[in-house]
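Novice: These are the residues of each chain, in order.
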Amino acid sequence: MAETALDPVAWTCPAPLGDEPVVVLGHGGGGRLSAELIGRLFVPAYGNDVLAGLGDSAALTLGGARLAFSTDSYVVRPLFFPGGSIGDLAVNGTVNDLAMSGARPAYLSCAFILEEGTPLPVVADVARAVGAAAEAAGVSVVTGDTKVVDAGHGDGVYLTTSGVGLIPDGVDIRPQRAAPGDVVIVSGPVGLHGIAVLSVREGLEFGVEVTSDTAPLGGLVAAMLAVTPDVHALRDPTRGGVAAALNEIAAASGTGVVLAEESVPVPEAVAAACGFLGLDPLYVANEGRLLAFVPRPHAEAVLAAMRRHPHGSGAAVIGECVAAHPGVVVARTRLGGTRVVDLPLGEQLPRIC
Amino acid sequence: MKYLSEFQDPQLARRLLDDIHATVTRPWAMMEVCGGQTHSIIRHGIDQLLPEQVELIHGPGCPVCVTPLEMIDKALAIAALPEVTFCSFGDMLRVPGSDRDLFRVKSAGGDVRVVYSPLDALEIARREPDRQVVFFGIGFETTAPANAMAVHQARRLGIGNFSLLVSHVRVPPAIEAVMRSPRCRVQAFLAAGHVCSVMGVEEYPALAARFGVPIVVTGFEPLDILEGIRRTVRQLERGEHRVENAYPRAVRAEGNPAALRMLGEVFEVTDRAWRGIGTIPGSGWRLAGAYREFDAEHRFGVGDLSAEEPAECRSGEVLQGLIKPRECAAFGTTCTPRTPLGATMVSSEGACAAYYLYRRLDPAATTVKEAHPVG
Amino acid sequence: MCLAVPGKVVGIEERDGTRMASVDFGGAVRDVCLAYLPDIEVGDYAIVHVGFALQRLDEAAALATLDLFARIGALEEEFGDAWGRAAAEAGPDREEEVR
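Protein chains in written order, with my numbering: chain A, 1048 to 1400; chain B, 5 to 379; chain C, 5 to 103.
Treat each hint with caution, since some may be false.
Residues from chain B shown here face chain C by an in silico Cβ test under 10 Å; the list is partial [to be verified]: (1) 124; (2) 147; (3) 180; (4) 231.
Computed from the model, here is a short list of chain A residues facing chain B with C-beta under 10 Å [what the hints assert, rightly or not]: (5) 1070; (6) 1309; (7) 1318; (8) 1324; (9) 1327; (10) 1378; (11) 1382; (12) 1384; (13) 1385; (14) 1386; (15) 1389; (16) 1395; (17) 1396; (18) 1397.
Note that these hints are calculated values from the structure, not bench results. Backbone N, C-alpha and C define an ideal beta-carbon position, used for all residues, glycine too.
Starting from the given sequences, assemble the full structure and let the hints guide the process.
Specialist: Written as structure tokens, this is what we have:
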């Protein structure tokens, strides 16, 4: 057949660029361009067995202890948005990356890159937000750094946090472990963070308040692992949303994922804003949600434990892993049709068509 | 009542589908002209639920897809100018010109911004009087009134640093071009509901009569699309070719008189090239004489810029349903969604891109029809 | 072409000589230009595209359409032609033929 000659992973849409000679914004969008930057540039430059795992955090053995180690940089405009700030994101994002390997987050570093001319009260507000978020997450910020760049060379404040945590014995959570038969659970309604931030930029107001879902998920993961250590994979669906996270796990594990579209919890206001801007809620960023791939026999108990936790009260089963169409995520639509849910190229853009 | 989710109801969809299945007795090929409808069809998997006999041909109604290469190149040239703030709907940023796209211009230092409305671009022009603010005025009849108003306001309020790069296209000449194609397979049209919200339906009876095709004005939610298909199939089975309005909540026969008046004042009809199809006489709008000073092509001297579309691309034939994407030699080889040669590979709703995407599924493992997954 | 969605007009004001509305799209509210729907009032629904209200949403027509969908099949057995029957019931205002 003609199509067997095609490279099944080379396609992207809509209307993408060819190979990039320069950095474009999409390289930071968490989609295909980000993945290519890592795979083609960073891994060849300094790759090793641990990095090759490409989890949200690295799992290390050091002095007999199993550590999770992760770092992340935060660039968000505006610095403060409904439901949170760059300080909350910086703490929760790294805490969650650690939690996605099953670790108990313990210590963070926090580096500030400040733009010349930024009012100090703004920096103070961000710093206080970091402190409050760390306390809420049960971690300590134990080291840091500050640099200042020329006026016009930054959006006021950029943050970089790194973190370490201990991985409990018997826990082996990696994208590669997702397998046919796993049940896919989301910990709550999706799309709130992305729409909350976008609403500020797009002049949208919400009758019912839409606020970022930013939250630390270490406690939720601990509650899940108390049910069974045998959780296969976890991912926090940040940039690129649920669609990107599912595609990453499908690709890493070589399983197919089937999503039941009507079971994905989408708040009404998020659905409304998405409809209005031409966005798909599956591609909108979250900062306090996780996707869990759980073997079917444990799924019900894990789901129940999630629902008892404040950060998982809206948890729902949204799909399952299948042996068919390895590496591809498919959604069953409300009408009973199917569609392929692909890895986004870069950032999702409002559309008119 | 929101007049939205009610039109996505699976039980009612089943009733409409059952009626279509019960009515159809032989193969019919109908074209949904509008890219928004194509999007909805793929998004909800509607094509997979129809009888085998009903073939949907995705028409040339995506403004992103049909904007000619030449116009994209003009946009890129203007956006790269240091004094210009170039504003666009998000759709257009990834559409490749001859050698780059708007994202690339932005990464090279160009001031390119995504806006939701042309009025947002006008507001930028007012706030930043030292910048030349250009809005990329693409779209069909639905979008044209918004862009017309932006230009009208710019003149009225004396915002001289605003201009419009106009690439507006019109549906009826495209329908005519499709029907005039010697090997045309299209037997009926689902007309674009929101185009008709503005324009009304007066342009369509003559087309239906001349070409002997049913034209059913159709909305965008799943039930609307199924109802459009249902009525089209009924007409085809009865040998009728009338204009029907299956979207009466948003379309009146006379359209929107205020919008039509503004279109008549700001724009005039012109020939327009369509990507993958070629020039269609009278298929576009440009700024009328009184507004010429707001024409970005004129202001920035890019009117003479021209570009050749790749000769090996057969997207024009795909758009008319004459060939399936894989019958094109470039499909999947030199032409992929990553490196598109033509309109139908450019956007995710384009027939070639969608076809390429569905090749990733094991047909045996899903309900996707092997014969024509996306028409 | 043309992503346009229905929303409810919740407020109207004059700005720079243009009528502008706050329109509620099922929980998300945004400014919309009313220049093309000069008669629309608070409480009405409009079809909105790129910040412009393009057409008043005819609520009675919407309900009639949904009612028709709900009776397709049942009507079919009774009367033969669902649409013709529904159109007749709805009266001349609901005339769907526009030839």
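Novice: Each hint needs a verdict: does it hold in this structure or not?
Specialist: Right, here's what the structure says about each hint:
no.	hint	verdict
1	124	holds (7 Å)
2	147	holds (6 Å)
3	180	violated (17 Å)
4	231	holds (7 Å)
5	1070	holds (6 Å)
6	1309	holds (8 Å)
7	1318	holds (8 Å)
8	1324	holds (7 Å)
9	1327	holds (8 Å)
10	1378	holds (8 Å)
11	1382	holds (5 Å)
12	1384	holds (2 Å)
13	1385	holds (5 Å)
14	1386	holds (5 Å)
15	1389	holds (6 Å)
16	1395	holds (8 Å)
17	1396	holds (3 Å)
18	1397	holds (4 Å)
Of the numbered hints given earlier, the model fails hint 3 alone.
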